[in-house]
Each structure stands twice: as C-alpha cells, then as structure tokens.
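S.K.: Each chain, written out:
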Amino acid sequence: MSTVSHKRYIVHPHRFNLWLAIVAMIMMFAAFTSAYIVKKGDANNWLLIELPQLFTYSTITILISSLFMHAAYISFKRNKIYLYRIFICFTFILGSAFLIFQVNGWQRLAESGIILSGNPAGSFIYVISGAHFVHVVGGVIALLIFSIKSFTAYKTPVDTLLLNINTDKQVGVELMATYWHFVDILWIYLFIFFQSN
Amino acid sequence: MSLETTVHEHQHVETHVHGHEHHDEHHHKETFITKYIFSQDHKTISKQFLITGIIWAVIGGLLSVLFRIQLGFPDANIMWLKPLLGKWITAEGQLAPEFYNALITMHGTILVFFVLTAGLSGTFANYLIPLMCGARDMASGFLNMLSYWFFFLSSIVMGISFFLATGPASGGWTAYPPLNDLHQAATGSIAGVDYWLVSMALFIVSVLLGGLNYVTTVINMRTKGMKMFRLPLPVWALLLTAVIGILSFPVLLSAAVLMLFDRNLDTSFYLDQIYIGGEALANSGGSPILYQHLFWFLGHPEVYIIILPAMGIVSEVLAVHSRKPIFGYTAMIYSLLAITVLSFIVWAHHMFMTGMNPFIGSIFVIFTLIIAVPSAVKVFNWITTLWKGNIRLNPQMLFAIGFVSMFISGGVTGIFLGNSAIDVELHDTYFIVAHFHLVMGVAAFFGMFAGIYHWFPKMFGRFMNPTLGFIHFWGTIICAYLIFFPMHFEYMLPRRYPTHAGFETFGMFGELNQFISVFAFISFACQLIFVFNFFYSIWYGRKARELNPWGATTLEWTTPLRPKHGNWPGEIPEVHRWAYDYSKHGRDFIPQTEPLSQYEIEHGEHGDEGDSAIIQKEKKDDH
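Chains as they are written, first to last, in the working numbering: chain A, 203 to 399; chain B, 25 to 647.
Just chain A, with the same shape it has in the complex (with noise of 0.2 Å):
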C-alpha cells in the first residue's frame, strides 16, 4: 500500500481537505436555511413551531460532548493516553446521547401535531434537523472507532514513541476533533435558527 509522505506540506493535506468539505457542507446547510427563509417570506400559512424542550437538552449534550473532545485532544497532543481513552470515550457516550435525545425530539415534535407532511415550516425543521443527524451519526461512527482504537492501538511504550514520531498519525485525532466542533457549531447555528425563526 503506497500513501504518500506529508512531512513537507504546511497544512496537512487531509486537513486541507476536511476544510474544503466543512465549506462544502456549509454551502448545504445555507441552502436549506436560505430556501426556510425565502419560504417562510412568501408563505401565507407559515406555521410558527415551539421546538420541545428536548432539543434544549440535546443542545446542551452536544455542546458538552465538545468539551469532552477538545480535553481528548489535549491529552493526546500530551501523551496522556490513559486520559485521551476516557475523554474520547466519554465524547462518544454523549454523543450516541446527542441523537437519542434528537429521535426523542422528533417524536415530540411529531405528537404535538407537527407531522414531515404537514406544514412545511414542520418539514423544514424535520429535514434541516434529518440532515444534521446524518452528519453526527458519521461523527459518532468515527467517534467509536477512535475509541476502540485509543483501547487497541496505544499499549506499549514503543506505539506511543512511533505516535509522537509520525505526523501523519497524530492529525487523525485533530481532524476528528475539527469535524465534531463543526457539527457542534452547526447544530447550535440551526437551534438558534430555529428558535428565531
């Protein structure tokens, strides 16, 4: 298996990368958000929706279940893989927690009478929040492998000098770090959105 060699580059190219398919993303969710806009605008019908409580919650998971990633991070960049395993893990827990709270919230939402085929301000909220979900279940995936991972990969001494030595390995943990902020970030942009609007 040949890959190549990123020693030499400013940016590593795989973050390089992860950026460019953040702006990628970015330019998904405004287009949904702006078409929510020009909807609501035009709409003599729009329907105003309370979001449930369970929402808020997921909210504050999510936004929580970051810091936990940020501390991994931190304690991998140090060395303190015995650290990293609990961070990374407890980021893991949270986030599984994250779309339990958001399925729980749809059928909130669902009971309260907001159904996918009603009102589109109901559908809106329904396939902004679907989209995003989509986005964290690939985070939560990522998450679980990491964590295996940080239990498997880390054991000896040795693994830990190599890490330490290879670049190349250290900017996984950064990326997934970089990815979970930004579905973070994106997810408290939409609640504010949503609530706003």
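Since the hints were made in silico from the structure, they are not lab data. Computed from a predicted structure; not experimentally measured. By construction, the Cβ of each residue, glycine as well, lies at the ideal position given by its N, Cα and C atoms. Honestly, I wouldn't trust all of these hints.
Listed next, with one range per pair, are the computed distances between beta-carbon atoms [said to hold, decoys possible]:
#1 Gly340(A) with Phe186(B): 55 to 61 Å
#2 His272(A) with Tyr358(B): 37 to 43 Å
#3 Phe395(A) with Arg520(B): 34 to 40 Å
#4 Leu536(B) with Val240(A): 55 to 61 Å
#5 Tyr60(B) with Gly340(A): 26 to 32 Å
#6 Asn306(A) with Glu598(B): 57 to 63 Å
Assemble the complex: chain A is given as a structure, and chain B must be docked to it using the hints.
M.R.: What follows is chain B alone, placed relative to chain A:
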C-alpha cells in the same frame, strides 16, 4: 511500502506487448483488475473518467440522433428502431411523445453532468493537476478513487432508469417541480425521477470528493519553486472549477433532498394548490420557484464548471502550438477569477419568466452582461496569442482554434439572452438551444478534444492518428455550424415539443429542421471516427519515442514515457520559471525546470528593457 521507495526502484519503460488479436483482453484480466480498476493512481483514475465519459458521450449523442429523427422527419415510419426502443415506438411506427421528452431530458443530463463535468474536469483535473504542479499524487488517493466509483455508481443508477417500464426521467434536465415532483404528473415521473435524483446525489458526492482533492493538491502540494503565478493555465482553470463545484453542488444536493421528500414522504416544499386530473391535492404552502432558485444557484455555476477546464486546456494548447507565450497570463488568471465570482450572482437570469420583480431582474441583467468582459479578455488574449505565432496546425491546435470560434459565436447570443426584455421573447425557444450548444456544448467538447489529442502521447505512450483527427475536426466544426447556426432562425419555435405539426405558424421550419437533422447525423458519425481513433491508438497508435513530443515547457513532459505511480523516479523536479517561455532569447522553448540565466528576467518582473537588451547583456558577459 512507501511511495518513495517504490519510485526509487529501477524504472523501466513498459513496452506492453500486446498480441495482434483482440481476444488478448482475457489474458490481461488479472493485472487489469488489480492495477487498473481499483487504482489510487491519479493517472489511472483520470483514464477511468475519460473512458466512462466517452461511453456516456456516445450514448448521449445517440439520444440526440433519435430525437433529431423525430424533429426532422416527424412523419417517417421508424419501425426499424423497434428492436432498440421497443414499446416506445407506437404501432404506427412513430416515436412515443413521452419518450421524446425522456430522450431530451437524458441527453441534457448525460452531456451536462456525466460527460462535460465528470468526463472533462474529472479527466483533466486528475491527470494534469499532480503532473503540472509537481506532486506524486493527489492529496488523498483513496478519496480520489472513491470519487470515480461514486461517479460509476451514479452512472449505473442512471443507466438502469432507461430500462424502467415507465421510462427514465422526462421532465427536462432541470427537473422542475411540479412536473417532476409528482408521480402522477408524467410517465417519466412515476419512477424515473427517483432514479434521476438518487443518481444525481451520488454524482454530487463524486464531484465533491474529487473537488476537495483538486483544490488541496493545487494549494498545498506544488513542487519547490512552483508559485501560484508560475502555474500553467489549465491548473488555474481546474482549481477554480473545483472551487465552483465545492460551493455550488451542495446546494443542488439540498434541492434534490427536498424533492425526494416531496415525492416520497408527502411533504410540500415545492407544491402548492395543485389540481391534477381534476382532483385537488392536499399539498399546500410550498413553492416551485424555490426549487428554481436552488437549482440555478448550482445550474449557472455549472456552465462555468463545464467551460473553465476547456478554457484552461485551450490556453495551454494555443501557446504550445503557436510557440508563443500565452498573451496576458495574469489577465487570463484574473478573468478566470472574475468569471468564478460572477458565476454565483447571475443565476436568476434563468428565471426572468417566473414573475420576479423586474427591478431585481435588472440587477441580474447587469451582472450577466458584465461576464462578457472577462470572457472578451480571454478571447482577445487567445487571438493575440495566435498573432504572428509559429502555428502548427495539428488536430489539437485546430480544435483549440475551433473552441475560440465556437465560444465567440455562442457568446455573442449570450448578450442578447442576458437582457431580460429580449429573454421574455426568446425564452424556451430554439434560439436558447442554439446559444448554449455553441457556447458550452460544442465549445467545451472542442476544448476536451484539444486536450485529448494533446496529452494522448503522455497518457498512453502513443499518438492518435492525425489524418483521422483532421477528418474529425473538419467534419465536426462544419456540422456544428450547420446545425446550430440555422437553429437561431427558429427563434419562435418552442423547445421540448415532440412535433410542431399542429401549429400553422411553425410549418415553415419543417425543411430547416430536416437540414439540421441531417447534419446532426453526420456530426454523430464524425464522433465515431474519433472514438475509433481513440481506442485504436491506445493499442496500435504510433509509439511516442521522445519524452516531449510537442516541445512544451510544463512538468508533465519531464516524467518517463510511461510514468508509474509517483510520477517521477527520484526527486520531483524544481521549478524556476513560469510555464510559457516559448521563443525566448532565440530558443524555441525553455522548460520550467531550467534555472534563470544570469541576466534573464522572469516573466512578470519585466522592466523596460526587452528581450533584445537582455541578449545584448549576455553577449557582453560572454566576451
């Protein structure tokens, strides 16, 4: 094994001895799958995009032949097409009208997305970016491979939709709601549109994965000394194409997702107060115009995604084959940048007829007309590059010149159509069809052909047959003009009508349509010459024996005849100058890898003294 060690291994020019029979393929299958199918080498991925693109181009072209038969000869009995089209030929030997719509829809989709997006920028971005920037491969070979295979999946889904009992999508390549949004609105909408949407979603993933790599590679992985303003123009064009793709395709994905929900989960994003078959639908609160905004926010940049790579390729081919530096290198780059920015703020000129506020319309008119400025800058620069050049009229040069010709002819009518007042009259007529086929259809194809003829020896180690190339070129350009020039006269004939027989006003266009159809058939036959030439030359073309057959300055010609994964054996060459030092200091060309001589001033740092003054100084120095 790391790539560094791979390339340090003994390099030998593969001779690829093939038997003289075609049955040889089975013999090669094993190496083929391991080395050529799931490859992460950008050169192989590029060839995969190219060949898939060619296959789609033949299919898309064939569809146009079928509907040109209908348009030119609406009364002809086409029972002989029954074996191919089956039930879409009616008992009277006529083309089923709903299938006519499917034909034009698929022709548009296939040519715009599969051929001129994936086939053009997929091929050349993959091939040229690492080679011209001096990189071993793309930033992520794996994502790059995924990019091709998502395109392949998307192709398969679109291909399957042809075989649906209710036919493929038939509501136009723009897939406007409500026609495409309701299953019961048209035969193609029963199932075809779902396939279309899923295929497009996969395609968007492919474009994005590819685009990320292209941008990262150009920004981050250039070789030592390769400043941004030393890059050859194709790389600039492909970089900006990828930027446009990253910014606009996600918006189409949003539009497609909302439509999939509308179609299958009863939402009403695009639907409001619909009566269909006398029955009122429950959907309310949506807006079909919303879809148009989302679609054209991609749709307009998409035409630049198609044309920018062609512009870049043509700039390179014109400079190499007129043995002159490209005229106005920096102006070329800034005009590309200007087009990129403007492409995002003109989308509503496709929507003048949607009842938008005329004052908003006039803003879009102004921005649309401003695009003529950078486009004209490019055209003048191409023409001045040719001026007093030492021109080699080989097929790639002819196609490059043909591109300029097509771009002017099609671009001029863009000025008409950009004006909302005139667009009201010309909207949805054959005038539009003629305009965009010249300016982004045929022109982009010409750019692609120029690129293929030019880089074929690098790609496959052999030359394409120039005689067949000349026949291909002259056949194509003559036919293209004879098809699309008269089409402008059909400025009152509406698009998307299978037949105009019921309208007395349109009776006078019958013979003109026959004329156009006949040349469409000839044009298609000319493309088959190209396809034959392409595949024949891969195995039996004249072998390339010198590394740099065209005498070009750029880095791709410094690689071995058949470069391996990693491109250069040993170190990546360092770059010391821009890519267009042709006919300088009495030399035919100076490669980018050659350091500046003592008194030589690099392009862009010219003082008042010209070349002759520098030569004088050098001569003095020698004494």
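S.K.: If a hint holds in the structure, say so; if it doesn't, say that too.
M.R.: The hints, checked one at a time:
{"no.": "1", "hint": "Gly340(A) with Phe186(B): 55 to 61 Å", "verdict": "33 Å, violated"}
{"no.": "2", "hint": "His272(A) with Tyr358(B): 37 to 43 Å", "verdict": "41 Å, holds"}
{"no.": "3", "hint": "Phe395(A) with Arg520(B): 34 to 40 Å", "verdict": "39 Å, holds"}
{"no.": "4", "hint": "Leu536(B) with Val240(A): 55 to 61 Å", "verdict": "42 Å, violated"}
{"no.": "5", "hint": "Tyr60(B) with Gly340(A): 26 to 32 Å", "verdict": "31 Å, holds"}
{"no.": "6", "hint": "Asn306(A) with Glu598(B): 57 to 63 Å", "verdict": "60 Å, holds"}
This entry does not satisfy hints 1 and 4, going by the numbered hints stated previously.
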